[in-house]
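So the protein sequences, as listed, match chains A and B.
For what it's worth, the numbering used here labels the leading residue of the first sequence as 1, then goes sequentially.
For what it's worth, the numbering used here labels the leading residue of the second sequence as 1001, then goes sequentially.
Worth flagging that the hints you see were computed from the coordinates, not collected in a lab.
From a predicted model like this one, the values you see are computed outputs, not experimental measurements.
Positions of the beta carbon are idealized from the N, C-alpha and C atoms, including for glycine.
There may be inaccurate statements among the hints.
To be verified - Some chain A residues near chain B, calculated using beta-carbon distances under 10 angstroms:
| id | residue |
| --- | --- |
| 1 | Leu-3 |
| 2 | Glu-4 |
| 3 | Gly-5 |
| 4 | Glu-59 |
| 5 | Pro-79 |
| 6 | Lys-83 |
| 7 | Tyr-165 |
Claimed, not checked - Below, computed lysine to aspartate or glutamate pairings styled on DMTMM-like, alpha-carbon distance capped at 20 angstroms:
| id | chain 1 | residue 1 | chain 2 | residue 2 |
| --- | --- | --- | --- | --- |
| 8 | A | Lys-18 | A | Glu-4 |
| 9 | B | Lys-1085 | A | Asp-102 |
| 10 | B | Lys-1139 | B | Asp-1122 |
| 11 | A | Lys-48 | B | Asp-1015 |
| 12 | B | Lys-1085 | A | Asp-122 |
| 13 | A | Lys-18 | B | Asp-1012 |
| 14 | A | Lys-83 | B | Asp-1015 |
| 15 | B | Lys-1024 | B | Asp-1012 |
2 protein chains.
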Amino acid sequence: MNLEGLRALIRDIPDFPKKGIVFKDITPMLKEGPALRFACDQLAENFKGMKVEQVIGIESRGFIFSPVLAYQLGAGFVPVRKKGKLPGAKEVVSYSLEYGEDSLEVHLDAIKKGTRVIIVDDLLATGGTAEAVVRLVEKLGGTVLGLAFLVELAFLKGRQRLQNYPVHSLIQF
Amino acid sequence: MNLEGLRALIRDIPDFPKKGIVFKDITPMLKEGPALRFACDQLAENFKGMKVEQVIGIESRGFIFSPVLAYQLGAGFVPVRKKGKLPGAKEVVSYSLEYGEDSLEVHLDAIKKGTRVIIVDDLLATGGTAEAVVRLVEKLGGTVLGLAFLVELAFLKGRQRLQNYPVHSLIQF
């Protein structure tokens, strides 16, 4: 397996979730053992030796790669979830969508002050969600060492919103 | 780390998601690197040498352990998602809830006939969801080698609905 092989396993689904959008579907890649392993190893490689203490994952698809990276790096996993899903005392962050806004939550006691964390998601698009999660982590006092994404939609320039942090992606469109 | 240590990191949240229910919150365990690694290693241990080809995970919390087990076992990962989330051609299964019913979906091309799969989730409660996912996998022709859960609420007897399959859980309440 290599990066070209990985890229070939991502398929375009036109008009999903709505007309005019071409959805990058990673499920054909996830279902192949060697491809999944290669992708996780490549993503984790960026953070070896950096003493990552926690990996932050964003519901739902962001839960796929982040716990694997936590496992590989010997770190813990912290879920950032949609409104109303976490049962304990929470910190909340709001962010803008194309129309309206949305919010994400994390447990108040999930990240201690000074904890070294990374943020991992499947897709970097406009960067709005990732930027909101950075703010959420920093509200709790965590130190964001970097962010990693399987796929980056480079034409949406999400990286510009995260320019104070190292941003890694395996496959760019 | 050991099983007693793991159990001590699961906390009770009373009246969540609604009054009278005591929610078992695994996030204090997930956030600790050694606990997460121990839990994943113990879960994967049940399937070593069984030639697992794919690990099936159920949205959203079920996405946490299942990709890690896929990584450990060298298998692929197949997400079973809530209605409308998967972009490709799908197979659907409905199942009963306390009031009404719900459905889950998987991509039609996700599991080939005869593929050796396991189903992994964080929690076994009544077993209704797990049983639905077994049916979904078998509709596509997959062979269910077994199921694994971090936590089993044994008093809800979910295991009885899965009695034709090996069922593993790390922690029982």
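Going down the list of hints, with the structure as the test:
no., hint, verdict
1, Leu-3, "violated, 18 angstroms"
2, Glu-4, "violated, 19 angstroms"
3, Gly-5, "violated, 14 angstroms"
4, Glu-59, "holds, 5 angstroms"
5, Pro-79, "holds, 7 angstroms"
6, Lys-83, "violated, 12 angstroms"
7, Tyr-165, "violated, 21 angstroms"
8, Lys-18(A) to Glu-4(A), "violated, 28 angstroms"
9, Lys-1085(B) to Asp-102(A), "holds, 18 angstroms"
10, Lys-1139(B) to Asp-1122(B), "violated, 23 angstroms"
11, Lys-48(A) to Asp-1015(B), "violated, 41 angstroms"
12, Lys-1085(B) to Asp-122(A), "holds, 15 angstroms"
13, Lys-18(A) to Asp-1012(B), "violated, 40 angstroms"
14, Lys-83(A) to Asp-1015(B), "holds, 17 angstroms"
15, Lys-1024(B) to Asp-1012(B), "holds, 5 angstroms"
Consistency with the previously given hints fails for numbers 1, 2, 3, 6, 7, 8, 10, 11 and 13, ordered from lowest to highest.
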